[in-house]
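Student: For this one, chain C is given, so just place chain X on it according to the hints.
Protein chains in written order, with my numbering: chain C, 1 to 514; chain X, 1001 to 1451.
Be careful, since some hints might not be right.
Listed below are the simulated DSS-like cross-link pairs for lysine-lysine, each with C-alpha atoms no more than 25 Å apart in a straight line [unchecked claim]:
{"#": "1", "chain 1": "X", "residue 1": "1167", "chain 2": "C", "residue 2": "133"}
{"#": "2", "chain 1": "C", "residue 1": "142", "chain 2": "X", "residue 2": "1059"}
{"#": "3", "chain 1": "X", "residue 1": "1439", "chain 2": "C", "residue 2": "227"}
{"#": "4", "chain 1": "X", "residue 1": "1143", "chain 2": "C", "residue 2": "142"}
{"#": "5", "chain 1": "X", "residue 1": "1292", "chain 2": "C", "residue 2": "511"}
{"#": "6", "chain 1": "X", "residue 1": "1425", "chain 2": "C", "residue 2": "227"}
{"#": "7", "chain 1": "X", "residue 1": "1167", "chain 2": "C", "residue 2": "511"}
{"#": "8", "chain 1": "X", "residue 1": "1143", "chain 2": "C", "residue 2": "150"}
{"#": "9", "chain 1": "X", "residue 1": "1329", "chain 2": "C", "residue 2": "222"}
{"#": "10", "chain 1": "C", "residue 1": "341", "chain 2": "X", "residue 2": "1167"}
{"#": "11", "chain 1": "X", "residue 1": "1131", "chain 2": "C", "residue 2": "142"}
{"#": "12", "chain 1": "X", "residue 1": "1057", "chain 2": "C", "residue 2": "150"}
{"#": "13", "chain 1": "C", "residue 1": "511", "chain 2": "X", "residue 2": "1315"}
{"#": "14", "chain 1": "C", "residue 1": "511", "chain 2": "X", "residue 2": "1289"}
{"#": "15", "chain 1": "C", "residue 1": "142", "chain 2": "X", "residue 2": "1167"}
{"#": "16", "chain 1": "X", "residue 1": "1057", "chain 2": "C", "residue 2": "142"}
{"#": "17", "chain 1": "C", "residue 1": "341", "chain 2": "X", "residue 2": "1040"}
{"#": "18", "chain 1": "C", "residue 1": "2", "chain 2": "X", "residue 2": "1168"}
The following residues of chain X were derived to be distant from chain C, with all beta-carbon distances above 10 Å [unchecked claim]:
{"#": "19", "residue": "1078"}
{"#": "20", "residue": "1092"}
{"#": "21", "residue": "1407"}
FRET-style restraints, in silico, Cβ to Cβ [what the hints assert, rightly or not]:
{"#": "22", "chain 1": "X", "residue 1": "1249", "chain 2": "C", "residue 2": "156", "range": "40 to 48 Å"}
{"#": "23", "chain 1": "X", "residue 1": "1071", "chain 2": "C", "residue 2": "429", "range": "30 to 38 Å"}
{"#": "24", "chain 1": "X", "residue 1": "1080", "chain 2": "C", "residue 2": "156", "range": "38 to 46 Å"}
{"#": "25", "chain 1": "X", "residue 1": "1442", "chain 2": "C", "residue 2": "429", "range": "19 to 27 Å"}
{"#": "26", "chain 1": "C", "residue 1": "293", "chain 2": "X", "residue 2": "1391", "range": "42 to 50 Å"}
{"#": "27", "chain 1": "C", "residue 1": "492", "chain 2": "X", "residue 2": "1346", "range": "32 to 40 Å"}
{"#": "28", "chain 1": "X", "residue 1": "1435", "chain 2": "C", "residue 2": "495", "range": "45 to 53 Å"}
{"#": "29", "chain 1": "C", "residue 1": "341", "chain 2": "X", "residue 2": "1450", "range": "40 to 48 Å"}
{"#": "30", "chain 1": "X", "residue 1": "1350", "chain 2": "C", "residue 2": "238", "range": "45 to 53 Å"}
{"#": "31", "chain 1": "C", "residue 1": "498", "chain 2": "X", "residue 2": "1003", "range": "46 to 54 Å"}
{"#": "32", "chain 1": "X", "residue 1": "1289", "chain 2": "C", "residue 2": "492", "range": "43 to 51 Å"}
{"#": "33", "chain 1": "C", "residue 1": "1", "chain 2": "X", "residue 2": "1080", "range": "27 to 35 Å"}
Simulated from the structure, these hints should not be mistaken for laboratory data.
Here a beta-carbon is modelled for each residue, glycine too, at the ideal position from N, C-alpha and C.
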Amino acid sequence: MKLIQKLGLVLFLGGLLAFTIIPFLGSYQLSEEIVLSQTKEIHQESMNEILNPLYGKTYQTNFTFIAELKGKIEAYNQELKDKQEWDQVIWDDYTFPLTKASVQSPVKSQPLLFLFLSIGLVVLGGLLYNIPKHQGEPEGIKNNGIFHSKMKNRGWLGMITGTYLILFYIILYWFPAYMVNAVWMVNPLSLLLSGNPASQWFLYGFIYTLAILVMGIRMFRKYRGNKYQQLRTASVMFFQTAFAFLIPEILVLLNQPYYDFKNIWPLDYDFFYDYQISTFLSNGGVGMFMLIWGILLIIIAVPLFTYFYGKRWYCSWVCGCGGLAETVGDPYRQLSDKSIKAWNIERYLIHGVLVLAVVMTLVTIANYFSSFSFLGNVTNQLHSFYGFAIGSAFAGVVGTGFYPFMGNRVWCRFGCPLAAYLGMVQRFKSRFRITTNGGQCISCGNCSTYCEMGIDVRWYAQRGQNIVRSSCVGCGVCSAVCPRGVLKLENGPEEGRINENPILIGNDSIKVNA
Amino acid sequence: MSQARHIVIIGNGISGITCARHLRKLDSDVKITVISGESKYFFSRTALMYVYMGHMKFKQTQPYENWFWEKNRIDLIEGWVKQIDFKSKALLFTNGDSLSYDQLVIATGSKPNKFGWPGQDLANVQGLYSKQDLELMEKTTEKGVSHAVIVGGGLIGIEMAEMLAYKKISVTFLVREAGFWNNVLPKEESELVGRHIREHHFDLRLNAELAEIIGDQNGKVKAVKTKEGELIDCQFVGLTAGVSPNIDFLKNSELELKRGVLVDQYFRTNMPDVFAIGDCAEFREVPGKDRKNIEQVWYTGRMHGETLAHNLIIKPVPYTPGVWFNSAKFLDIEYQTYGTVPANCENDDVINFYWEHRSGKVAFRMLMDQEKKILGVNNFGFRLKHEFFDKAISQGWTGEKVMAHLSKANFDPEFYAPYINEIQKVYKDQFGGEFTPSKKSFIQKLLGARI
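Here chain C stands alone, though its shape is the one from the complex (with noise of 0.2 Å):
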């Protein structure tokens, strides 16, 4: 390792570090003008009531101030839960914001500097260490030591590193009140970009980005001499940086909703929810734009250009998801698992979320048309049901979380339901195909080895057969490390698309169906 490359890695150990600490930082004081500010009109007398014994209290961590805070509130609320006065129970979280406007910390008084500190080390340190890689070397794919790696075959630093993804999310979703600190670190950017105070989902898409564009550079040194894993890369790190993190905060500061310009319904499972609906609706000609442009998308994008190019044209060159998966992920590609096993329950796991979406959504718009009084409970429940298990805890906490285990694409090949309509579009009615090189192939498994969606590529390759799955997200990595070239991503005429009789050709004493 070049001296710059340990530099690197020591930055960005150093800004993790910092990044990890500062949630702990500094201390709490709630206040009346606090509680005023941070809460609806309807429950300020009520929130200033039950709040008042804390104020003008030091708290010095986050945890004796939140746990003071809920146990409040949620004994105001059980008491009127036991008297049935549901009403007046207060169903608003304001554990967040009430933290957040209570925290007085240096990040909060310099939140650039720390935001440097963090933020700024890991990425400064992420460049330093995959700038310099493979530099002097001849252009090739070198996939040296992954399998001896403490890192990238379940060692003990992909364990670590897959916990502190595991424990981020379930902060994020569910407790994002002890990471107040961080959020403001984000804060003057937010103002800067949308003119909104920066919340959680704010500093994850920031996070995010970033991640994406780092992990995306090391992506080109990796694959350098790739112009197709080249390409799909700087397309990725562009559809995150400005449709889904700029243009949407850039939306809201024009005071326009904010929106995603390449999120689909059905991974955008919250597309047809009444919120959303009200929301275009009630912006004028933008929001009937967004709405039909949503719907546009569903209906006309999806079929049409995975007619022609396959899912590879969202999957691996657009999504926010596949985008993560396909630089921060890339160097866990190989622990998807290829087994026929997984292939079955990831058959019915991914359909499966597609219908849960799918009926979610159609008693969503029932309940719409019939002004809510068509199963508007069931609705409700359905909705905090698909947000807890599939929204929050599959794409996320397992989704990326569970990267150092079982891969990157645990997300896109066991629960998205947009992985599974586009794949449908694939498997019966779309030009792609992968196909095979005669009979060069030599069955050595690197093309299988190294497909993140767990498919059996030398299974085909090796009887010359054309590669047409439902999952194949066409990343084209099966094609790069073949060492044979037998593989190559193909937009053809839909005849001969499926050979399920391959013939394998170089013998001439009989026809082989291989």
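Tutor: Coordinates of chain X only, in the frame set by chain C:
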């Protein structure tokens, strides 16, 4: 009803396993047993280097999951056959077991050549062919090896060099010939590979021959001596001067052997119901023009296996290989060949077209006969379609026709540099012809594709 016929295959490499799989495909009753002492389950021998370099786990070199064999009722026996009793049709194993067969297929592959060099059996001196070789190499190079010498410049040699480089072991390459793999590659291609080897900082010595391997007091290699008298200190020696049939256990039996097990065009040996396929088989007559008596590549092994399975179940047909093809990867440079391109192709009988990219890493050669009909191609650093050249060569297309359709032969990933256009242009400049070289596509122009 008589008991099902029992076909026993010795060796679970690509030949034996292909034979077994096709036997089962063609006949659901026949009893099939595959014997191997090397490993219980079939693995891809060509992937051993990737295991060493941490690209793959050994398990991932196995093309079929373990349940596959039971499901297809292919019995696997782990063991080494010591002796064959051809009279009573029985195999004797080294552990004392025996097994009877109705028909026997010998598919025992190759072993690395050792040409009787002094010191060739010292510790830390080895070839690379089997799983055991890999395990040995992993063990011996784990520590205490800083420099290695590889003897012989072929495909396994360059793989071994790449493997050692992964462990940061420097390598001296002793190649007897004047160019790397120049008994197969024409001069320009051989030089192209040679340059690339040096680009990777390997010490490639051409015209250098091994005289002696010198051991220390513990019987471990400490240096090699070349014929010119130079001493090269090293702690590991790779012997990669080719392979020869692995048939030692058959010597002094009734089976007729030469370098390999002698077979006819139906893979029949001189003993009834005994067949040989793959690397260990030696054809009494070459199976086709420009073919060799012993075919030692993955693809021919596979074809032997599938043909013999057909012969045993359906009806005997002579082995008739089609247009030759092969491929390899020299460090970062991929190589494919279709048809016949001999090393000494610079002669008056054939017409040569050779194009090399200015990077010196991408090249294309097409050989034509006097009537300008295509004989074969070599391509380096880019990918060409097997099907295209199989057709062009077997149908005797002219070079001009090949060039006119060359864009259909492209097998490079999308967005790659359009080398084909350049090749067509250069061909037209040299030989003329009624075709228009392809132009850059809109996307290629948009992305600024350059050659």
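Student: Which of the numbered hints are not met once you compare them with the structure shown?
Tutor: 7, 10, 28, 31, 32 and 33
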